[in-house]
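Residue numbers (the numbering used here), protein chains in the order written: chain A, 1 to 267; chain B, 268 to 555.
In case anyone wonders, no lab produced these hints; they're calculated from the structure.
From the three backbone atoms N, C-alpha and C, an ideal C-beta is built for every residue, glycine too.
Treat each hint with caution, since some may be false.
Computed cross-link-like contacts, DSSO-like style, restricted to lysine-lysine with a CA-CA straight-line distance of at most 30 Å [stated by the list, open to error]:
{"#": "1", "chain 1": "A", "residue 1": "Lys150", "chain 2": "A", "residue 2": "Lys238"}
{"#": "2", "chain 1": "A", "residue 1": "Lys176", "chain 2": "B", "residue 2": "Lys276"}
{"#": "3", "chain 1": "A", "residue 1": "Lys237", "chain 2": "A", "residue 2": "Lys150"}
{"#": "4", "chain 1": "B", "residue 1": "Lys379", "chain 2": "B", "residue 2": "Lys344"}
{"#": "5", "chain 1": "A", "residue 1": "Lys176", "chain 2": "B", "residue 2": "Lys408"}
{"#": "6", "chain 1": "B", "residue 1": "Lys273", "chain 2": "B", "residue 2": "Lys344"}
{"#": "7", "chain 1": "B", "residue 1": "Lys273", "chain 2": "B", "residue 2": "Lys353"}
{"#": "8", "chain 1": "B", "residue 1": "Lys344", "chain 2": "A", "residue 2": "Lys176"}
{"#": "9", "chain 1": "B", "residue 1": "Lys379", "chain 2": "B", "residue 2": "Lys408"}
{"#": "10", "chain 1": "A", "residue 1": "Lys68", "chain 2": "B", "residue 2": "Lys379"}
{"#": "11", "chain 1": "A", "residue 1": "Lys176", "chain 2": "B", "residue 2": "Lys379"}
{"#": "12", "chain 1": "B", "residue 1": "Lys276", "chain 2": "B", "residue 2": "Lys379"}
{"#": "13", "chain 1": "B", "residue 1": "Lys273", "chain 2": "B", "residue 2": "Lys379"}
{"#": "14", "chain 1": "A", "residue 1": "Lys176", "chain 2": "B", "residue 2": "Lys273"}
{"#": "15", "chain 1": "B", "residue 1": "Lys408", "chain 2": "B", "residue 2": "Lys344"}
{"#": "16", "chain 1": "A", "residue 1": "Lys147", "chain 2": "A", "residue 2": "Lys238"}
{"#": "17", "chain 1": "A", "residue 1": "Lys237", "chain 2": "A", "residue 2": "Lys147"}
{"#": "18", "chain 1": "A", "residue 1": "Lys176", "chain 2": "A", "residue 2": "Lys68"}
Each pair of labels, with its calculated beta carbon distance range [stated by the list, open to error]:
{"#": "19", "chain 1": "B", "residue 1": "Gly302", "chain 2": "A", "residue 2": "Arg64", "range": "48 to 54 Å"}
{"#": "20", "chain 1": "B", "residue 1": "Gly511", "chain 2": "A", "residue 2": "Ala110", "range": "45 to 51 Å"}
{"#": "21", "chain 1": "B", "residue 1": "Gly382", "chain 2": "A", "residue 2": "Ile171", "range": "51 to 57 Å"}
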Amino acid sequence: MLKDITLGQYFPDDTVVHRLDPRTKLVLTLVFIAALFVARGIVSYALMLAALVCCIAASRVGARALLKSIRPIIAVIAVTAALNVFFTRGTPIVRLWAITITREGLIGAAYMVTRLVMLISGTFLLTYTTSPISLTDGIESLLAPLKRIKLPVHEFAMMMSIALRFIPTLIEETDKIMSAQKARGADFETGSLIRRARALLPILIPLFISAFRRADELATAMESRCYHGGEGRTRMKKLAMSPGDYISLVCGAALALAVVLTNMAAP
Amino acid sequence: MAPVIKTEKITHIYSAGTVFEHTALSDVSFEALRGEYIGIIGHTGSGKSTFIQTLNGLIRPTSGTVFFDGTDIRQSKERTRDIRFKVGLVFQYPEYQLFEETVFNDIAFGPKNMGLNAHEVAERVREAAGFVGLREDDLEKSPFELSGGLRRRAAIAGVIAMRPEVLIADEPTAGLDPAGSSEIIANIGAYRRSTGATIIIVTHSMEEIAQNADRVTVFDGGRIVMDAPPAAAFSRSDELSAMGLGVPAATAIANRLRARGLPIAGGIITADGLRAALRELRRGAGSA
Ligand SMILES: Nc1ncnc2c1ncn2[C@@H]1O[C@H](COP(=O)(O)OP(=O)(O)OP(=O)(O)O)[C@@H](O)[C@H]1O
Ligand SMILES: [Mg+2]
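For reference, chain A alone in the conformation it holds in the complex (with noise of 0.2 Å):
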């Protein structure tokens, strides 16, 4: 049940796309991202999908995983096609009473759903295929020259992989807290709102514990390992760009162009 929480899971595998380095495959998810916004038009579309739906195939997630990611936000995505549906004026197709359905809505909907779809999916296919410390590597290696101004990214970017390295830790965690209650017969599905959310207290108190117990000994364990900060620290795995991730990069940047370019060519 928890475990089948799939958010920023990473699938490990040895494929192309899993190989690229970490920083290719933020830029280009950001480069994607960009280009899904300034998309117009069913060939830059078809374009954008085309190149999707190859990385996809290339990363062996397989779809099934990927739909499982959009299920949670199939509301919102629900709810942003009725309002376009319903809200978008033009050339009228159906009229019931107060209610008018245009062409113009409808098409709008479509392009709204898939464009959605193919930001989580795209997003998604990111933490898939790179694991939380390279995902967090990269973000640091990228964010670098900030450090001029004084943020303080390698900081920013520890914090973040110690939550990303801790989220499966604390999912199992209650997984065993909830199992461990429920052996001294406590019950979590019956009952009014406010039982049920009482019920939670014996998982969420030694859960919480649990949590700042973790945390003290890992800053002592890092602590005790000098960990000082990220000033003059250096690296076990340098990042390094390989001929793959130019010719990806390459590949984003032909597909950004096209996008354009397709755009300008459309009325």
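Assemble chain B with the ligands onto chain A, guided by the hints.
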């Protein structure tokens, strides 16, 4: 005698249908008699913890059935819940599950969930505290004021307070010093003597098994590969070590002596047994 708990070919697959699919138990059939003391051993990841959680219905096996007193524990919703109280399960590191302001309230959590009245709850708490050697003034303390060993015992009392007919504990002595460990084992023994409950203990200590268990069940790769009285099981030390498991120190010493040609009897699993065998040997040598 009819078994109090019985499993019939239970198989459990975690995260079935995903890349994380993992078969933790396959075709496990097992029986525990009333009043029996069973030790479960097995290498890390062999499925011990998964197995014991199927016994009180916390984990629903992918296939197979678990019986309590001859009926399926999944027969009805009420029964599944009722089984939680009859089959008490102490998780590994149970002290991390304490949450109430006082030890008393924490031990009372189970009995309260059973729907007992305040008077009965208090009686259960006192009784359980007695089994684990908690003093009256400890009961009014916060669980976090207690020492590690005492906190663990408070958590065990929280399960004992439900007066389970079967008490299962997952590595109850993990991470404790020898004195703390033997105290916990003694507490569990005291509960068994006074109530006649069945005890099932997962452990990595072969000594603990040699001293207390009537039977040892060995898990390997999600299957039961051995199920015998401790003396018989530990006589197969080659098989055990192939699974990454050991034998009690007394058995190991006896084996080494035998390998050097001393005519030492088999089936030695405790220090007392070894001492007796060595005396026997000396007497034999003296008379010859
Ligand atoms: N919630 C879970 N989801 C997926 N796999 C799991 C889960 N819990 C356990 N497993 C896997 O099932 C197998 C059996 O685990 P289990 O905890 O039953 O082993 P164990 O014998 O208790 O080991 P240990 O001696 O380390 O406690 C292990 O390989 C483990 O990785
Ligand atoms: Mg275990």
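Going down the list of hints, with the structure as the test:
Proposed proximity of lysine 150(A) and lysine 238(A) is supported: the alpha carbons are some 23 Å apart, at most 30 Å. With a C-alpha separation of about 25 Å, the suggested pair lysine 176(A) and lysine 276(B) falls inside the 30 Å cut-off, and the hint holds. With a C-alpha separation of about 25 Å, the suggested pairing of lysine 237(A) with lysine 150(A) holds against the 30 Å cut-off. Using a Cα cut-off of 30 Å, the hinted pair lysine 379(B) and lysine 344(B) holds, with the two alpha carbons roughly 19 Å apart.
Under the criterion of a C-alpha separation no larger than 30 Å, the hint pairing lysine 176(A) with lysine 408(B) is consistent with the structure, at around 25 Å. Proximity of lysine 273(B) to lysine 344(B) is assessed by CA-CA distance (about 19 Å); at most 30 Å being required, the pair is judged to hold. Distance hint between lysine 273(B) and lysine 353(B) is fulfilled; the C-alpha atoms sit about 14 Å from each other, no more than 30 Å. For a cut-off of 30 Å, the pair hint linking lysine 344(B) to lysine 176(A) stands: about 22 Å separates their Cα positions.
Only pairs whose Cα atoms come within 30 Å are accepted, and lysine 379(B) paired with lysine 408(B) is accepted, the gap being roughly 19 Å. Taking the CA atoms of lysine 68(A) and lysine 379(B), the gap is near 40 Å; set against the 30 Å cutoff, the hint is violated. Only pairs whose Cα atoms come within 30 Å are accepted, and lysine 176(A) paired with lysine 379(B) is accepted, the gap being roughly 21 Å. For a cut-off of 30 Å, the pair hint linking lysine 276(B) to lysine 379(B) is broken: about 34 Å separates their Cα positions.
For the proposed pair lysine 273(B) and lysine 379(B), the alpha carbon gap of about 28 Å is at most 30 Å, so the pair holds. The hinted pair formed by lysine 176(A) and lysine 273(B) meets the criterion: a straight-line CA distance of about 24 Å does not exceed 30 Å. For the proposed pair lysine 408(B) and lysine 344(B), the alpha carbon gap of about 36 Å is over 30 Å, so the pair is violated. Restraint check for lysine 147(A) and lysine 238(A): satisfied, since their Cα atoms lie roughly 19 Å apart, inside the 30 Å limit.
Taking the CA atoms of lysine 237(A) and lysine 147(A), the gap is near 21 Å; set against the 30 Å cutoff, the hint holds. With a C-alpha separation of about 25 Å, the suggested pair lysine 176(A) and lysine 68(A) falls inside the 30 Å cut-off, and the hint holds. Between glycine 302(B) and arginine 64(A) the Cβ separation comes to about 50 Å, which falls inside the hinted range of 48 to 54 Å. Separated by about 59 Å at the C-beta atoms, glycine 511(B) and alanine 110(A) break the suggested range of 45 to 51 Å.
With their beta carbons about 31 Å apart, glycine 382(B) and isoleucine 171(A) fall outside the hinted range of 51 to 57 Å.
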